[in-house]
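K.L.:
Work from the hints to combine the two standalone chains into their complex.
As they're listed, the protein sequences go chains V and H. Mapping of the first sequence onto the numbering used here: residues 4 to 334, in sequence order. Mapping of the second sequence onto the numbering used here: residues -1 to 304, in sequence order.
Hints are computed from structural coordinates only; laboratory data are not their basis. Misleading hints may appear alongside valid ones.
[Stated by the list, open to error] Straight line, CA to CA, 20 Å or less: simulated SDA-like cross-link-like pairs of lysine to any residue:
#: 1; chain 1: H; residue 1: Lys73; chain 2: H; residue 2: Gly112
#: 2; chain 1: V; residue 1: Lys324; chain 2: H; residue 2: Glu197
#: 3; chain 1: V; residue 1: Lys165; chain 2: H; residue 2: Trp18
#: 4; chain 1: V; residue 1: Lys240; chain 2: H; residue 2: Trp18
[Unchecked claim] DEER-style ranges, computed between Cβ atoms:
#: 5; chain 1: V; residue 1: Tyr30; chain 2: H; residue 2: Leu222; range: 31 to 39 Å
#: 6; chain 1: H; residue 1: Ala24; chain 2: V; residue 2: Trp329; range: 27 to 35 Å
#: 7; chain 1: V; residue 1: Glu226; chain 2: H; residue 2: Gln17; range: 19 to 27 Å
#: 8; chain 1: H; residue 1: Leu104; chain 2: V; residue 2: Pro104; range: 26 to 34 Å
Given the structure is predicted, the values throughout are model-derived calculations rather than measurements. Every residue gets a Cβ at the ideal spot worked out from N, C-alpha and C, and that includes glycine.
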Amino acid sequence: MALVQVLQATGAADPGFSTWRPTLYAYCIWASALCWGQVLIRGERGKRVLFVLPAALFVISLTVFPLIFGLAIAFSSWNLSNPDGRQFNGFANAVQMWSDPFYWNALTNMVWYTLAILVEYAIAFGLALLLNAQIRGRKFFRVAFLLPLMLSPVAVSWMIGKSMLEARFGPLARLARWLGWENPSFFGTLEMARLTIMVMDAWTFIPFMMIMLLAGLQAIPKELTEASRVDGATGWKSFWEITFPLMLPVSITAILIRVIFKLKLADIVITVTSGGPGGATDTVTSFIFREYRDRSNVGYGTMLAMVYLVMIIVTMTAIMKLTARWARPQT
Amino acid sequence: MSETPIFRDGEADRRYRMQWFASRFAIYGILAVWAVICLFPIYWTATTSFKMAPNVMQGHLVPWWDYQPKWLGWKSLGLSPDTIGASSTVRDEFLKRFTNSAITALASSTLAVGLGTLAAYGLSRFRYRFGPMRNDDISFFFVSQLILPPVVLALPFLVLYKALALLDTRIGLILLYTLTVLPIVIWIMKDQFASIPTELEEAAMVDGLGVWGAFLTIILPIALPGMVAAFILSLVLTWNEYFFAALLTSTHANTLPVMVASQTGSQGINWWSMAALSFAAILPLIVIAALLERFIIRGMAAGAVK
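Next comes chain H alone, as it looks inside the complex (with noise of 0.2 Å):
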């Protein structure tokens, strides 16, 4: 016969650890299995990038155990060590595409965080007036610009940028890029101010600091986090936007997304090099998704919790 122990969980006691116990698996399950939904994709593009022509269609999925990785991707883009030294058309071409859609992303980030955070800051702090418009009526015409879709602007600035000689520049692509960001600087900027007291302005000027002094000296810094979350929010918008590189330019000043949209359409489906172009676009994202991830999800949940 035997004893029954002293010490030992209750019914409830199990079940409730049972239940614990399933919650947690469940919870790890589903975010593992979204997890897998959003990287894969990111992975599987990375492997083609090493893919020859057999391994793509038999549907290799991991390197060295399914097949072996080969640079042919890379050497296409002439990216692989051993055309890294030759020169190559597709390479030129490749970076000159990477530094117009980085010069126009960062100095259109660089335009939108200056003017907005210089709006954003005086419309938390003074009173305006212009015609009826009120502070509200300000800043409202400012955000609501984010509604305006950008094929409405489309066109009026094709005519527009012909008119002027901007077309097909990357400065015209900038100051475009800088409209279509700003609003969001705008929204988040204005967040951000809106946390920091007045009480430190007021004590600067006491101290003799003119509205400006007191803005770039005391404010500025404190903001600074906020500055960053938006420059980045900016930055990958800009480095991914599409539609307008596409409709606004043609030979010199097109982006990097314009250069793969025109490779997807050649059906010639050279997988393994659309591959290695597809990542080479996105990894300055994942890089900048990993290291900075913190300001993106603060610059995303800024106007969320009022």
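One chain only, chain V, in its complex shape (with noise of 0.2 Å):
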């Protein structure tokens, strides 16, 4: 396997074909190549592989390779439109990154897109202890507070981004010039784009968290309540010493989730403010997506990803090793 990932980054190397679609199909005809040959050489136990080496073929030409692949142009010069084409330029990328205001800028947004998590969560939590009550109707909540997730984000940000907060006549602006704000420009100031960015996200993924955390209080068991209502312990007390001890491994998994989701956000910033006022908004993938559309610059935008990723695991295995005490479910 790891001979053929050399094949193809030498044959990357100097392209002999018009196209490297041959490539491809030699790639997928050695795939199935092999799962054919652990069936015939290793019989049974082979067959047993073969459940998972589909998958697996798939996932690590579709990443590994594009991973490695781009590791090589995070170090050279490549700017598409430019003739001469790929060339090595070491670590001139990394050095234009650290003094680059505007992806540190991205970066410090990130950081406040992540920590709005924490309101999100908190709503998502009071919903779906209000949902687990006694109430009538439950299909239709649950169906309506669903929906912001199915939507697509595009679709949403020009419903709510462009439509509804349209300054002079959509109804939210209405409804907040009636409220007793003057002139409501949801993108005029610096903190007021990024916190309405933020509300727009939280609308659509509220749904996702308030689905998990309803899927973990079902699973408590009815006597715990009880018992400790039993006990004397009032809706407050109840709720602070026995439902939330026992949804924090719950909790914990749905927003480690809705973080890596988080990072990922670019869609509505990308149509809604395209990163703007003066980059307030930005997020990275939404500032390396326009790197490439007005620069093409390919080589210095793959620098800044994959400086990005080094960034997201360190953070990501960072809380997970100081989540893990809670994330355990507690005896």
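P.N.:
Next comes the structure, spelled out in structure tokens:
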């Protein structure tokens, strides 16, 4: 397997075909040959390998290889509009990144966006608690609450970002004026623009956390809450001392997955503000997207993305280590 | 002198009932407010697609009551009753994008559920060793793809696809989308297979079925709900995907979200036609959500409770 990777990489260094399509076909043929070979050589055990092998080959060819390739691009100057093609330029991209205020600005924004998850979590938890209560029309509420998650972020950014927040006659602007905000502009100041993007993203993703938390709530044995009531714990106290500790593992999982999704945030930003005003709403993804679209700068963009990936891995590992204590179900 | 009735509610009883009603009221109140927050943008889009310019400017809200609905937005898409017969370039464009979206979403979800189900089954039933990697490491390898932000893969893929002549093709998008939803499918399906007792296959194998026979005839039908959940979730995610589609397609293979986004950029502000387009883009999802809500919730809750 490693050999083929190397072969492909060296094949990538000196293109012999007009397109590299044949490489793709060769890989497909090689992969199916490998699968058949496993069955023929190893018999029964080979048949078991056949369960995991296709997915593994698929993922390896589509992530590991592009990642290696990406590393090569990251250390080169490559502007797609430039006919010279790719040129190795060592750490020049890294140096440029170090002094690129917009990149660091985008990273700072990501910290803000990520912190907003705590508020989303609180709202989602509250809603999950309400949905878990004995209520009628649960089906209606579940569908209604689920809908924002299902809608395409691009459509959402038009529906809310462009239409409902429209300063002159959008219904939300109207509401804001009625509430006493003289000149509602949701993207006027830096903080306001960032907050607006946060709210729109929260609108889409609160259902996701809510459903995970609701599943967690429904898994709590009824006896526990009843016993606590018998022991005289009132609502507030029983929540903090029974429900919340029991919900910690689910909460950690929900927040972690939400962080992962938040770090990919781009669609709404690209379509509503393109990062403006003054980069206040820029996410790393939308910044790199524009870096490519406006300047076709593949090398630099890839370097930024790779650094971002390393940061994500470090942060996620740190968070997982730190929260591992609470993530285990308490006995 | 009034007689005090013998049977009456005590002070405590009455207070308790008051509290009960108050809390009911609060619960339904908050739920209703949130439901409005969730549904209003959809309502707004749906009604705007039937508005004329002055209706939009004056912020009319309720059809027939403060404005007269017109087919204006849908006419511009070529989808209103009186234009449905005539030929329309916008409608052709829209249908082309719609087909692209549908094909990529369906194909990649099918592929992902196929590959992911097999992998999840293998990982939950057999022991593997791949170099230093054991089962847990292999599972982690698959699921950790979720952390990979799309932007890291985007530019290498762009260059690679250009070289492979896969740029602006549906196949290219399908491969990439399969990759992005595969971790989620594996996550859901592992959870599903963990809930099926191993005795079932053991019995089947005693009866003379092979590994694959037992899997295909016994386990797969039981695991169907999980597969449906994974499939629908993948479908939603791939249908909505914008970032890769915007980057990797230009004229042939671009999907509905790209079309919607390209219309927002042009500030001609045809509110009604934008509204019609957005609403047409989200309508399939609303239908799916209303009909298959159980499966979606099941899929999302899969990882939550261990």
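K.L.:
State for each hint whether it applies.
P.N.:
For each hint, the structure was consulted:
no.: 1; hint: H/Lys73 - H/Gly112; verdict: violated (41 Å)
no.: 2; hint: V/Lys324 - H/Glu197; verdict: violated (36 Å)
no.: 3; hint: V/Lys165 - H/Trp18; verdict: violated (42 Å)
no.: 4; hint: V/Lys240 - H/Trp18; verdict: holds (18 Å)
no.: 5; hint: V/Tyr30 - H/Leu222: 31 to 39 Å; verdict: holds (32 Å)
no.: 6; hint: H/Ala24 - V/Trp329: 27 to 35 Å; verdict: holds (30 Å)
no.: 7; hint: V/Glu226 - H/Gln17: 19 to 27 Å; verdict: holds (24 Å)
no.: 8; hint: H/Leu104 - V/Pro104: 26 to 34 Å; verdict: violated (44 Å)
Going down the numbered hints, you'll see the structure goes against 1, 2, 3 and 8, while the others check out.
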